[in-house]
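Chains as they are written, first to last, in UniProt numbering: chain X, 1 to 245; chain G, 1 to 357.
Don't take each hint at face value.
Restricting the straight-line Cα-Cα distance to at most 27 angstroms, the calculated cross-link-like pairs of lysine-lysine (DSS-like) are [to be verified]:
hint : chain 1 : residue 1 : chain 2 : residue 2
1    : G       : 147       : X       : 57
2    : G       : 147       : X       : 117
3    : X       : 57        : G       : 74
4    : G       : 78        : X       : 83
5    : X       : 72        : X       : 19
6    : X       : 19        : G       : 74
7    : X       : 83        : G       : 262
8    : G       : 262       : X       : 215
9    : X       : 68        : G       : 160
10   : X       : 83        : G       : 160
11   : G       : 160       : X       : 19
Looking from chain X toward chain G, a few residues come up when the C-beta cut is under 10 angstroms (computed) [what the hints assert, rightly or not]:
hint : residue
12   : 63
13   : 64
14   : 66
15   : 75
16   : 77
17   : 89
18   : 92
19   : 110
20   : 137
Sample of chain X residues with no beta-carbon within 10 angstroms of chain G, all distances over it, derived [said to hold, decoys possible]:
hint : residue
21   : 20
22   : 31
23   : 61
24   : 68
25   : 69
26   : 117
27   : 122
28   : 157
29   : 188
30   : 189
31   : 217
32   : 233
By construction, these hints were calculated from the structure, which means they are not laboratory data. Note that the Cβ used here is the ideal one computed from N, Cα and C, for glycine as well.
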Amino acid sequence: MEEKYAITVDDLTVAYNYKPVLWDIDLAIPEGVLMCIVGPNGAGKSTLIKAILGIIKPIAGTVSVFGKSYAKQRSLVAYVPQKGSVDWDFPTTALDVVMMGTYGSLGWIKRPGQKEKKAALEALEKVGMLPFKNRQISQLSGGQQQRIFLARALVQNATIYFMDEPFQGVDATTEKAIINILKELRKAGKTVVVVHHDLQTVPEYFDWVTFLNVKKIATGPVKDIFNDDNLTKTYGINYKVSVQE
Amino acid sequence: MLGTAILGAICGMLGSFAVLRKQSLLGDAISHAALPGIAIAFLITGVKDSNLFLLGALISGLVGTFWIRSITKKTHLKSDTALGLTLSLFFGFGMLLLTFIQKQPNASQAGLDTYLFGQAATLLEKDVWLIAIVAGIALLILLIFWKEFKILLFDEDYTKTLGFNTRFIDILITTFIVITIVLGLQTVGVILMSAILLAPAAAARQWTNSLEKMVILAAIFGSFSGVVGTGISSVSGNLSTGPVIVLVAAGIVLLSFIFSPKRGLLFREIRFRKNRNDIKMQKTLAFMYGIAKTHENISHPHAIKILNGFQGFSKRSLQKLVDLNYVEIDGQQWSMTQKGFMTAANLYNQQVENSHE
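So here's chain X without its partners, still in its complex pose (with noise of 0.2 angstroms):
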């Protein structure tokens, strides 16, 4: 049976004045899965993700999106970037942080109307921050201010996203509402790609898994692959994981 990739990666290469930070990566994402991305600092996990949206200007490679071009499917893509990328002391509120995942729809020039109005409402609902809609941004926790960030890719309706480090500096409860709803998304059929640093909640959270550092170790079904040898060989040291089952 063929299966049906969201993303194929071919030969993609990134480097930052001559230092490679990614090498001849191969990957392709099955369409439908909930996927970590592992390694250690430097690997260039979030380099990959930016790589792959074009964020990132890559030295060689190509992506593709269900075959086609990134380009031409952009908008079946969304992106939840580091929290720590944004200034939180930009004067604006919770619910018109949201509402910017409406205008990659509305295109230039067009503003938001009601229509994506509601549509931000409700993702605000879904990630449980309708009552701070009108708060400030600054005055929200780091765990908030990842729910906004959330919903704001939620908004965007995409078939595919990709989030860096989305439980970075929150709380276990947060930690469980995002998870939650990402399992929801790969309910829907979405594909969702997430960098992640936790290696204990590798096997709670995901299903499949990709080691990276610099070149791409292996990638698969965390059932098959997430072990220590895997491990050994993306972080360098002799890596002894408790995978309870």
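Once you have looked at the hints, place chain G on chain X.
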């Protein structure tokens, strides 16, 4: 006067973007970079024509901007270093040319140095028209691309993933900032130009948490500084306009820092004291609750003395509790009311809820 009013407004508007993009110093570098352009324009043509100067300033300002960008992109240098380098190099070169021009036996060189600190009196009617037209175009562009500007300012990477051409938006903003700076040179001068770009925006940020309101407020502050500054400078003889405008704008910034209700220092202090007093009172109440709880009758009287030595206790917080009808005082004895008891019982739960919010 009208010229500086419009100029102040447009500077405030575009300055908001510069501040939010954390490119505050870019304005400074661009304005300083414009100086050699003015001098060269004079050297080549030998005539004193403000439009010609503007063109020269625009060209060298753009060259400066381009330099800064390529330095940060192609070397390991940080942007502040690139800004500093470009600023001092262009300004130094400009000053050199200026002194050279002044040594020449040419009568028409007089007045070139007004570009250092600005002189609003040198604005002609056609200059005002030019400022007005550019301001109008800038306003129009701002309204049309409002949504794009906003999202780019907040989250550039995300904007890219939505399919917007961020380079185009970026160039649009920067171009207008450069044009505005060049237009302001005659009035405010190269040295202080960036202040009028940034001060109104910084002040406006104190008063509001909405980008729309911030831009409008910055425009109002800017044009107010322009008008008042020009007024003062023309009334009191030949004071350079630039410094006066900047002083007025700085005054607005200072007032904003102190008095703005949400972010100002004054209200922050007031809120802090109020919170401290509230918490003191709550601590006293909680302590009383702990004692009253042990008695069957919650309103059983106790000596005020036993509150002594407890940190949260003060005469004032006790009085406040009485005012709120939580506690009754009879001579040297206090007793809790039903209302006070209920409030105290809920206090802890409330604190927990608040911290979860």
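Item checked: Straight-line alpha-carbon gap residue 262 of chain G to residue 215 of chain X, limit 27 angstroms -> Violated - the C-alpha atoms of residue 215 of chain X and residue 262 of chain G are around 50 angstroms apart, more than 27 angstroms.
Next item on the list: For the pair supplied as a hint, residue 83 of chain X and residue 160 of chain G, confirm whether the alpha-carbon distance does not exceed 27 angstroms.
Entry: holds, 17 angstroms
Note to self: Next item in the hint list is residue 63 of chain X. Is there a CB on chain G closer than 10 angstroms to its CB?
What the structure shows: violated, 13 angstroms
Checklist line | Hint check, residue 77 of chain X versus chain G [nearest Cβ-Cβ separation less than 10 angstroms] | finding: holds, 7 angstroms
Check: Any CB of chain G closer than 10 angstroms to the CB of residue 75 of chain X?
Finding: At about 8 angstroms, which falls below the 10 angstroms cut-off, the nearest Cβ of chain G leaves the hint on residue 75 of chain X intact, so it holds.
Note to self: Hint residue 89 of chain X vs chain G: min CB-CB distance below 10 angstroms?
What the structure shows: holds, 9 angstroms
Next item on the list: Could you grab the alpha-carbon distance between residue 68 of chain X and residue 160 of chain G and see if it respects the 27 angstroms cut-off?
Entry: holds, 19 angstroms
Next item on the list: Taking the shortest Cβ-to-Cβ distance between residue 189 of chain X and chain G, state whether it exceeds 10 angstroms.
Entry: Consistent with the label, residue 189 of chain X stays out of reach of chain G, its closest Cβ about 21 angstroms off (over 10 angstroms).
Item checked: Verdict on residue 68 of chain X as a residue remote from chain G, using beta-carbon distances over 10 angstroms -> holds, 15 angstroms
Margin query: The output says residue 217 of chain X does not contact chain G. Does that hold with a beta carbon cutoff of 10 angstroms?
Written below: Check passes; 26 angstroms lies beyond 10 angstroms.
Item checked: residue 78 of chain G paired with residue 83 of chain X [C-alpha distance capped at 27 angstroms] -> holds, 23 angstroms
Next item on the list: Please verify that hint: residue 137 of chain X, Cβ, nearest Cβ of chain G, below 10 angstroms or not.
Entry: holds, 9 angstroms
The structure shown violates the earlier hints numbered 5, 8, 12, 13 and 14.
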